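Student: Residues per chain, in single letters:
Number of protein chains: 2
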Amino acid sequence: MKIEVAIGIDIGGTNTVIGVVDREGNILAETSTPTLTNTDINNYLNTLTSKINETVFHLNGTIEVKGIGIGAPSSNYYTGEIVGASNLGWGDRVPFVKLMKEFYDYPVIVLTNDANSAAVGEMMYGAAKGMNDFIMLTLGTGVGSGIVANGKLILGHDGFAGELGHVIIDPNGRECGCGRKGCLETYASATGICRTASELIATTKTESKLRNVPALNFTSKMIYDAAVKGDELALKAFEITGKMLGKAIADFVTFSSPEAVFLFGGLAMAGDYIFTPTREAMEENMCFLYSNKVKLLPSKLDGAKIAILGASAVVWQEMKN
Amino acid sequence: MKIEVAIGIDIGGTNTVIGVVDREGNILAETSTPTLTNTDINNYLNTLTSKINETVFHLNGTIEVKGIGIGAPSSNYYTGEIVGASNLGWGDRVPFVKLMKEFYDYPVIVLTNDANSAAVGEMMYGAAKGMNDFIMLTLGTGVGSGIVANGKLILGHDGFAGELGHVIIDPNGRECGCGRKGCLETYASATGICRTASELIATTKTESKLRNVPALNFTSKMIYDAAVKGDELALKAFEITGKMLGKAIADFVTFSSPEAVFLFGGLAMAGDYIFTPTREAMEENMCFLYSNKVKLLPSKLDGAKIAILGASAVVWQEMKN
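Which chain is which? The protein sequence lines are A and B, in order. Heads up, the working numbering is the position in the first sequence plus 63, with the first residue counted as 1. Heads up, the working numbering is the position in the second sequence plus 63, with the first residue counted as 1.
Source of the hints: derived by calculation from the structure; they are not laboratory data. Any given hint could be a false lead.
The list treats identical chains as interchangeable, and a pair is accepted whether it falls inside one copy or across any two copies.
[Unchecked claim] Keeping only pairs whose Cα atoms sit at most 20 Å apart, straight-line, the calculated EDC-like set for lysine to aspartate or glutamate is:
hint	residue 1	residue 2
1	LYS272	ASP365
2	LYS244	GLU346
3	LYS192	GLU270
4	LYS114	ASP85
5	LYS383	ASP168
6	LYS215	GLU381
7	LYS129	GLU117
Nothing here was measured: the structure is a model prediction, and the numbers come from that model.
Could you put together the complete structure from these sequences and hints?
Tutor: Right, dumping it as structure tokens:
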């Protein structure tokens, strides 16, 4: 019997990664191809589909492809288009799904929000298996989110649901890339913890090795390493970050009453340094209805593979509907 | 051909209201019976089911009952139980759905959150017909909410989703009944606007007829009537209330990117006095992704009938699944 697989594709600004993934989340094959930008889209599609076909061919008849899930910037799940992705240069409006369907008979789906596909990946392959209601928070350069309720990803009427990084947690707070102030991601992301370290350098007299590093060079990994060595300022930075994040989660819970909230991404790798203060603040700020009911958990997916895992998982989710 | 109907039941502390509702939301019959509290639950069930049967009987064979939806305090959608409803006195744990199913063959559903059934009512009979993603906010004594995503009510893993009245909008704000501070409902409810009027009396020198009324006697209707007559303090109270509500909605939108947010209940009856400042603050505080995309609308359901309409609507929603 053939193994059912979904093809997960992640279109980045430079490279496109392709993975062939089974229902358990095993990656049976993986390859990549340059993302041909500023060219006729058909050039890129020919390269991409050749690469897909070649990869499938090498699996030698052992698999049955059930669909293709694609993570692409500025794409729209409902229309299947990529709209004005400034750095791709394929024109203003590319009907990507329609074009791909000229090559393939099975379902093709695009999703723009990484955290959305990460959520579906966690549900299909990871720690959210069997859960119908949970929230995935990705703590990277920004804060992304994917929300699952009634066993389905919430996409919203236009596909833009799940931007919890842009909930305002301090109206007089830090400037955000979105043009407003005090968004969650200015605190609870890898960038956010660096800003918190800078703030602590300015506002406290706490000694720290970080004082010897220009703020521009800060990374969340550097702050983590300092914390592990007992650097008080770094420890304080994690505590503050967790506090902000936990308070925000306490509010998110009132929306969908999830069984669990998952943390994923660079900052989540800091383990107890981020989980402990986040969990404490979450419980401390939670409405009694939800007290001690919501799990705060790390993602079980391989961070390096999340893009193709997530994209492929969307195919299985789609088949359920 | 017989008319398909759902029976909507609202169990209040004193009375139980029963309505027979068709798919369009027409109430074909309505009746009520005392809620027999502090007694053997079977006494109440015998009275209730007799009343239901009598009502159905009087419709003289023209209808076909498809199910019963029940709004009951402290009930659990998933287990069908009423758990420790302190003012009913039926014991700690009543398997209400199971007991009702001994009388009826068709589906019986319980829901505890009024705003949840109001949301389903709006979707089945009202202004949210055809919408898959929207939020219902009920602005009564408190603030309730019902959230629909992917065409389904979000209940959460335990049935407690949709408590947006308990999102904290000012951590140092007003004391809330839930034991915390600054919950949305301490500002954006009928009670909240009364507290805002009291605050304005204390903090401003604005002249107002409301200064002649003890705070304990304030009602949102009184503040509305004053606003209509041009009372500046009352107008300011609406402006502040809308501002708080609009800011909160701007954050809610990041969660589920709804097509519309509906306002329902006493405070929503104030029309432009509440809608205008709310809409302004919502747009002003919204992340650019959602700007000018989300409608703020009044509910189209009859406020006096919402309990039975909402409860009956849950039957149609359940049949869709």
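Student: Are the hints correct? Go through all of them and say.
Tutor: Hint-by-hint comparison with the structure:
Within a single copy, LYS272 and ASP365 get their C-alpha atoms no closer than 31 Å, and across copies no closer than 65 Å, so neither meets the 20 Å cut-off. For the identical chains of this complex, LYS244 and GLU346 are inter-copy neighbours only, at 15 Å across copies versus 26 Å inside a copy, given an alpha-carbon limit of 20 Å. When the C-alpha separation of LYS192 and GLU270 is checked against a cutoff of 20 Å, the pair qualifies neither within a copy, at 44 Å, nor between copies, at 61 Å. When the C-alpha separation of LYS114 and ASP85 is checked against a cutoff of 20 Å, the pair qualifies only within one copy, where the shortest distance is 19 Å, while the shortest distance between copies is 56 Å.
In this homomeric assembly, LYS383 and ASP168 come within 20 Å of each other (Cα to Cα) only inside a single copy, at 18 Å, whereas the closest approach across copies is 29 Å. Taking the closest pair of Cα atoms, LYS215 and GLU381 come within 20 Å of each other both inside a single copy (9 Å) and across two copies (17 Å). Only within a single protomer do LYS129 and GLU117 lie at most 20 Å apart by alpha-carbon distance; the minimum there is 17 Å, versus 54 Å between protomers.
Violated hints, in rising order: 1, 3; the structure is consistent with all others.
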